[in-house]
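A.B. asks: Kindly produce the complete structure, drawing on both the sequences and the hints.
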Amino acid sequence: MPRERYRDRDENLYATVDAYHLVENLEQCLQCGKCAGICPVANLSPSYNPRQIISDVLSGSTSRWLKSEEIWRCFWCAGCYTLCPVDIHFPLLMMQLRYLAVASLHGLKYIAPFKRFALRAREDGLTFAPGSAKGRERIMGIRGGIGLTPWPEVSEKAREEYRALFDMTGSTEYLDRIREEEDQPLELTYLEGRITGA
Amino acid sequence: MPRQRVVNPEEKFPTVPGTVFLFRSCTGSLEYPGTENAVKETLASLGIHALMDPDQTCCSGYLLTCSAHKPEVSLAITARNLSLVEKKDLDTYTFCNGCYGYLSELSHIMMHNPAYLQMANDLIARWGYRYEGKTRIYHVQEMWYRLRETIGQKVVRPLAGLKVGVHYGCHYLAKQYGILDDGGYPTFHEEIVEILGGTPVFYKERQLCCGYSVGRGFTHREETVQPHLFKKLTSARDAGVELITTVCPGCNVALDREQPNLGKRFGTVFKIPVIDLSQLIALAMGMPLQKLGFEANTIPLTGVLKKLGL
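Heads up: the protein sequence lines correspond to chains S and F, in order.
Residue numbering for the first sequence follows the numbering used here, beginning at 1 and increasing consecutively.
Residue numbering for the second sequence follows the numbering used here, beginning at 1 and increasing consecutively.
Hints listed in this document are in silico derivations from the structure and should not be mistaken for laboratory results.
It is possible that part of the hints are untrue.
What the hints assert, rightly or not - With a straight-line Cα cutoff of 25 Å, these simulated BS3-like cross-link-like pairs (lysine-lysine) come out:
hint, chain 1, residue 1, chain 2, residue 2
1, S, K157, F, K87
2, S, K115, F, K70
3, F, K163, F, K204
4, F, K87, F, K163
Claimed, not checked - Anything over 10 Å on all C-beta distances counts as not near chain S; from chain F, calculated:
hint, residue
5, P9
6, F13
7, G18
8, V20
9, L46
10, R80
11, K87
12, K88
13, K134
14, A160
15, G161
16, T187
17, P227
18, T234
19, G293
Source: prediction; values computed, not measured.
The beta-carbon is built from N, C-alpha and C at its ideal position, and this holds for glycine as well.
C.D. replies: Here it is in structure tokens:
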């Protein structure tokens, strides 16, 4: 199996991925591999390789990463960015690769939990507030017991404006469009050149 | 242990502020409310008034990094929250690495992309807000280090050599520029632990990420998160760590809540309590136990408290 596939070469891929202009120095990548070396996910799951993903984006190849399981494993710890000699903010690239995957209905099962958290946050003005009455009671018990207000003070005004910003920026619509049942299958696509079944 | 810091805290904070804007952390206030309390009380006993604002919302950076938000909403929310601080002419102090990292990254993006700042300001102008980028964003751990001598003088419950393994958390260290220490080999938490009378333990995987940074506790738990945490906690246990400290409530969730699951899966029982560095400082400075909210923890602090005679 060839290691590189250029048949889907897209001259504009880098510009398409970095639509928000958040990683404008990707072409400075030295392919030194320090990112893969420090990456805790690559350590456990070696077919996940930030260096290879950068190489694919720059060479205009989407075939491997778009439908890959790998891009959903990144912890976003930014260890790669800490070590990168040319300061490439790989996590911000990863965030945008995932937008494109979601647009092609890949990885929806991985983003679905966050859709639920985001829509609940839209109501609370807080992320990760439990939905159940029991969960809320537990928090109120602990907070009240140590002398804090039973629930974190978030004003009605704050919640309304937070909700409005979700709606005005298209965030609510983006979240509503994510339907887990439309999820397309993913595969580990970066396994070429590796011995997997010894 | 190196004592020299990349950024000199006395230069970073030439004067100690009388009032700061304390930025509420969702996880710190909901999962581990003792963290919020410890931060407030410690600031108060150091003579710093912590102002919180009910109009502040979640920083919204977390869901952005999960790709569950597009940048527009997080930029606008950041601009809105920080404009509240600017109206009060204060600096922003966070007690969560997430809030710290996302606020600084998103404000950096707005300050360097005028179109993004404009977009955010246009949205929030309808409520009379305007973000200018004046408020500086800090993490309270930086103030603890700046005031380490004062903290040392106020220790009334020295930690009796308690073996403490610190966890810095990625989203502080990954900021690279402007943080106190070398992101590749930080030691300023260890220095604070020593000041409190504890024994810092340099366990092998002390700089390993908590594994939850972007919600991987909800996805890929089996494939990556648990083996990863198992490695970290095994190295802490092997080095004799009796207590782990964090400066990020998210890391605290990962390292504390996951221990029983690791026990079930790998057959190794971990019982290392995990608390916020601010809670440890407050404890050493004599804050009443019932204000520290340790009952929110999955791994109880019984052994640690017994060792301290509490």
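A.B. asks: Just to be careful, I want the Cα atoms of S:K157 and F:K87 compared with a cutoff of 25 Å; is the pair within it?
C.D. replies: holds, 17 Å
A.B. asks: Run the C-beta distances from F:L46 to all of chain S and say if the shortest one exceeds 10 Å.
C.D. replies: Per Cβ check, F:L46 is outside 10 Å of chain S; nearest 19 Å; holds.
A.B. asks: Beyond 10 Å from every chain S Cβ: check whether that's true for F:K134.
C.D. replies: holds, 21 Å
A.B. asks: Just want to verify: F:K87 was marked as not at the interface with chain S; is every Cβ pair farther apart than 10 Å?
C.D. replies: Non-interface label stands for F:K87: nearest chain S Cβ at 14 Å, farther than 10 Å.
A.B. asks: Tell me if the straight-line CA distance from F:K87 to F:K163 falls inside 25 Å.
C.D. replies: Roughly 44 Å between the alpha carbons, so the hint for F:K87 and F:K163 is violated.
A.B. asks: For F:G161, which was marked as not at the interface, is the minimum beta-carbon distance to chain S over 10 Å?
C.D. replies: F:G161 clear of chain S: closest Cβ-Cβ about 28 Å, beyond 10 Å.
A.B. asks: Run the C-beta distances from F:V20 to all of chain S and say if the shortest one exceeds 10 Å.
C.D. replies: Answer for F:V20: holds, closest chain S Cβ roughly 17 Å.
A.B. asks: Tell me if the straight-line CA distance from F:K163 to F:K204 falls inside 25 Å.
C.D. replies: OK: F:K163 and F:K204 at ~14 Å, within 25 Å.
A.B. asks: In terms of Cβ atoms, is chain S entirely out of 10 Å range of F:P227?
C.D. replies: violated, 5 Å
A.B. asks: Hey, is F:G18 genuinely clear of chain S, shortest beta carbon separation above 10 Å?
C.D. replies: holds, 22 Å
A.B. asks: Could you check that no beta carbon of chain S comes within 10 Å of the beta carbon of F:R80?
C.D. replies: Label violated. Min Cβ-Cβ 7 Å, cutoff 10 Å.
A.B. asks: Check the non-interface label on F:P9: least C-beta distance to chain S beyond 10 Å or not.
C.D. replies: Fine: 21 Å to the nearest Cβ keeps F:P9 off the interface.
In summary, the structure is inconsistent with hints 4, 10, 17 and 19 from the numbered list given earlier, while agreeing with the others.
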